[in-house]
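Visitor: Guided by the hints, dock chains B and C onto chain A, whose structure is given.
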Amino acid sequence: MIEYLLSIFQDHTLRTVLLGSGILGITSGILGSFALLRKQSLLGDAISHSALPGIAIAFLITKSSSPIILLSGALIAGWISSICMMSIVRFTKIKYDGALGIILSVFFGLGLVMLSVVQKIPDSRQAGLNKFLFGQAATLLKEDITTMGILSGIALIITFVFWKEFKLLIFNPEFGDSIGLPMKKIDILLTCLIVVAIVVGLQTVGVVLMSAMLIAPASASRQWTNRLEIMIILAGFLGAMSSVTGTLISSKTSNMPTGPIIVLVSFLIFTLSLFFAPKRGIINKLFCTYKNNLKITQNILLTYIYHLCNSKDSVGLTELMKKNPCNSSKKLIKILKQMENSNLLQEHSDKWKLTLKGVKKVRKLQLEGDFYD
Amino acid sequence: MCKKALEVNALTTAYNNNPVLWDINVDVPEGIIMGIIGPNGAGKSTFIKSILGLVKPVAGSTKIYGKPYKSIRKKIAYVPQKESVDWDFPTTVLDVVMMGLYGNIGWIKRPGKKEKQLALDALEKLGMKEYCNRQINKLSGGQQQRTFLARALVQDADLYLMDEPFQGVDALTEKVIMNLIKDLKNKGKTIIAVHHNLETVLEYFDWIMMLNVKCIAIGPCKEVFTGENLAKTYSSSQAPYQSFVVKKDRSIYKSSILRGEKI
Amino acid sequence: MISPQFEIQLIAILTSLACTLAGTFLVLRKMAMMSDAISHSILVGIAIAFLYTKNIHSPLLIIAATLTGLLTVVLVEILKNTNLVSEDSAIGLVFTSLFSIGVIIISKYARNVHIDTDAVLLGEIAFAPFRRFYIGNIDLGPKSLYIMATILLVNIVFISLFYKELKIATFDPSLAFVLGITPSAIHYGLMAIVSITAIGAFDTVGSILVVALMVVPPLTAYLLTDKLKIMIPLSAILGILAGVLGYRAAQLLDVSISGSMATVSGIMFLFAFIISPQKGIGAAFRRYKKTKTSF
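Chains as they are written, first to last, in the working numbering: chain A, 348 to 720; chain B, 450 to 712; chain C, 3 to 297.
If we strip away everything but chain A, and leave its shape as in the complex, we get (with noise of 0.2 Å):
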């Protein structure tokens, strides 16, 4: 195991990719977080797919296919296609979906368009272009590390200086209003980080795949907390395990694009954490819902036979079938047997009557008004 971990901390190259997938995920889960909780997970999407005219054109300008400049254009491609997308919502009755898809597919048409020109330009640099649709993260160079470093560094770091008022952004927007903060403007900040957490991603795992990487980390974390600080923490966690493990993986298997591989592992974590979180996990959501209802139905049954037993001795069964909240006789038995087993019911001769444990039991709750003990 040891050699293991040495091995890849001595390959150069490794090191290099694995850098750039982990600070891909840390960036894609923190940030993705506020766009999970702002109902706006298919922005990533939407703005992975507008970045392609961004960099083809920032190609055509400057024939260079150095990542700041490529990036540079993704950039004020993303940043155009939200304002566009923000301004259909607006100013016309579409709403948010619809906004998405025409500027998703309208945008990356123009990219096919200007990709087809520079196509036809006989020039060897135009094949970093690739790596954008698909993501390479293999291919990752020193200087990709670096420009990736620096512009997630800064993104996280106004995150941390505006974190009051994104959060205040997220859920009360009109409050902050009132106060005096120029909540557009901030929402326009959230949005540019947004665009460069995905124009950093896009190298690795490529534009149809940059979305999940916004979506799965932090709709993983949400499972696990509900408090913000530690889900946007945890978010950039898994965001960065994800992505570290599908770069390891795709490293030690031959002909295995990276970005798939750290989708499908975002993916599996997200659904380990959507069945086990505790909590708000599937698993124990069902374990819970099924004790509820079970608990729910005893205490109504419990409480009829207990205003019936006031004028009668012990109840038969016909008379329960009437109330029956069960809608079955054979889950109401049931039902009715449980309770005899815990000592809250007695049974003679296919009548029924409470015990001193259930007659104690109805008077708490009615007392209490409590629904559960």
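Bear in mind the hints are in silico, worked out from the structure with no lab data behind them.
Hints are not guaranteed to be accurate.
[What the hints assert, rightly or not] Chain C regions said to be covered by chain B (calculated; three or more residues, Cβ under 8 Å):
id, stretch
1, 175 to 188
2, 227 to 235
[What the hints assert, rightly or not] Quick list of the computed label-pair ranges, beta carbon to beta carbon:
id, chain 1, residue 1, chain 2, residue 2, range
3, B, 510, A, 714, 26 to 32 Å
4, A, 442, C, 291, 23 to 29 Å
5, B, 647, A, 510, 41 to 47 Å
6, B, 637, A, 637, 40 to 46 Å
7, C, 56, A, 357, 39 to 45 Å
8, B, 502, C, 269, 33 to 39 Å
9, B, 510, C, 184, 17 to 23 Å
10, A, 430, B, 676, 53 to 59 Å
11, B, 562, A, 663, 54 to 60 Å
12, C, 291, A, 430, 19 to 25 Å
None of these values were measured; they are calculated from a predicted model.
The beta carbon of each residue, even a glycine, is placed where N, CA and C say it ideally should be.
Guide: Positioned in the frame of chain A, the structure of chains B and C alone reads:
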């Protein structure tokens, strides 16, 4: 001899393990106008939705005119809250009203002249006939509500379930709607409406059901609509969620649950 | 002899018609991004079917792809119903995962085949005339033509038969449920249509143009009219214009045909955005001035 329009037995509904309706047992006779009142989150809309099968209860059952809901569908008309639809949908008032007849027409077949006439008649009763070709995104709140009522009217049902029909409408519309409801009652129909304005309860309704997760009281207004019952209904004026959610600070959970969102 | 250019434009017209028809109800249901999701996720269905039959022209691919499209919708619904993720997160999670599986399968096992992910995304309608449809020895024209024509027919039949059901299931699903019209059946039916259309079209025009055609012309029509009966044919016309003008522009400028079509549809949308009566920017601006002057 009074038939029972609605029989509810032990109806219990929970959302996310929080009870919204608890052990509701009511019998509503036919031929009356009944209002349902209670604080926010008390389960009033959920009550109607549970009857219609739009929400699945944890326990209990309902019967309408003695039969389970599915077999007597054609005798029930539902008027949802007008906020529940997107009024930007490209259609006309007449078209919306005719939608009420889609259940009768059946799959695939087109609505014909007969349906169109029925729709126009319903619109006339609500004073909306001249708006029949207007696009629905140009309607005021009152006009929207009247369109929905025409849609219910056209179904010629026996039981009408309305969710906040007087919410956000002008005074004229309120009068028109109330006249319609009284008219229906005179024809022997039964109307149950979720209501929010306590001042008009005695004027509008024969019976009142006071709901706050449990059924606090139900019966003729004169007997049941008392100060004591009102106090009991509105005493825990916060949404019941507050009492049943663990009292830790849950920043994301609380604010969005109260807004009814899922994240 | 019919020229390939004519055939290409004919295919483009048929594709636009099929896409805009399916897309109109999709956008009215506020599920525009489902077109993106389905057109990406069908890759995995095609990949698996291809692994099985090793024949890229096998009809099994179309069936597998349709099933995958439906699977996407089902998975999204399941995730939504857990109440633990929002709808757009669910869509994003499902289609990216499925697409990833597809890419992995192709990269590992089908490297050298015509299906490569470029083609899935980008498509190349220019190749369509070269894949012809033969009965016996008679060349009946490009295969895509017949495929798209059939799909278009299916779409037209579905929309006409279930027109009122689609209307009510979109406008007021609770009422539909209460009236006994099952909105979920309509939902899945529409999604099946969207899947089939996406498959038929992706081979010729690629996933992104499928999204463009399903979403942009209908939304452009949505800005220009208030009546559903006009919106549907209007979006069809806009779709055809995008197809034909896009193709001509691509020929003229020697650029990507799909990209050009998508861009043209975008330009048309921009026009509608500005000039739309009461809904566009121009109108909002005019209203603002009017209130200012009357004040």
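Visitor: Now look at each hint and say whether the structure bears it out.
Guide: Hints versus structure:
1. 175 to 188: This one holds; 8 residues, not fewer than the three required, reach chain B with a Cβ under 8 Å.
2. 227 to 235: This one holds; 5 residues, not fewer than the three required, reach chain B with a Cβ under 8 Å.
3. B/510 / A/714: 26 to 32 Å: holds (29 Å)
4. A/442 / C/291: 23 to 29 Å: holds (27 Å)
5. B/647 / A/510: 41 to 47 Å: Given about 44 Å between the Cβ atoms, the range holds.
6. B/637 / A/637: 40 to 46 Å: holds (44 Å)
7. C/56 / A/357: 39 to 45 Å: holds (42 Å)
8. B/502 / C/269: 33 to 39 Å: 48 Å Cβ-Cβ, so the 33 to 39 Å window is violated.
9. B/510 / C/184: 17 to 23 Å: Given about 22 Å between the Cβ atoms, the range holds.
10. A/430 / B/676: 53 to 59 Å: holds (58 Å)
11. B/562 / A/663: 54 to 60 Å: Given a distance of about 59 Å, which is inside 54 to 60 Å, the answer is holds.
12. C/291 / A/430: 19 to 25 Å: The hinted range 19 to 25 Å holds for residue 291 of chain C and residue 430 of chain A, with Cβ atoms some 24 Å apart.
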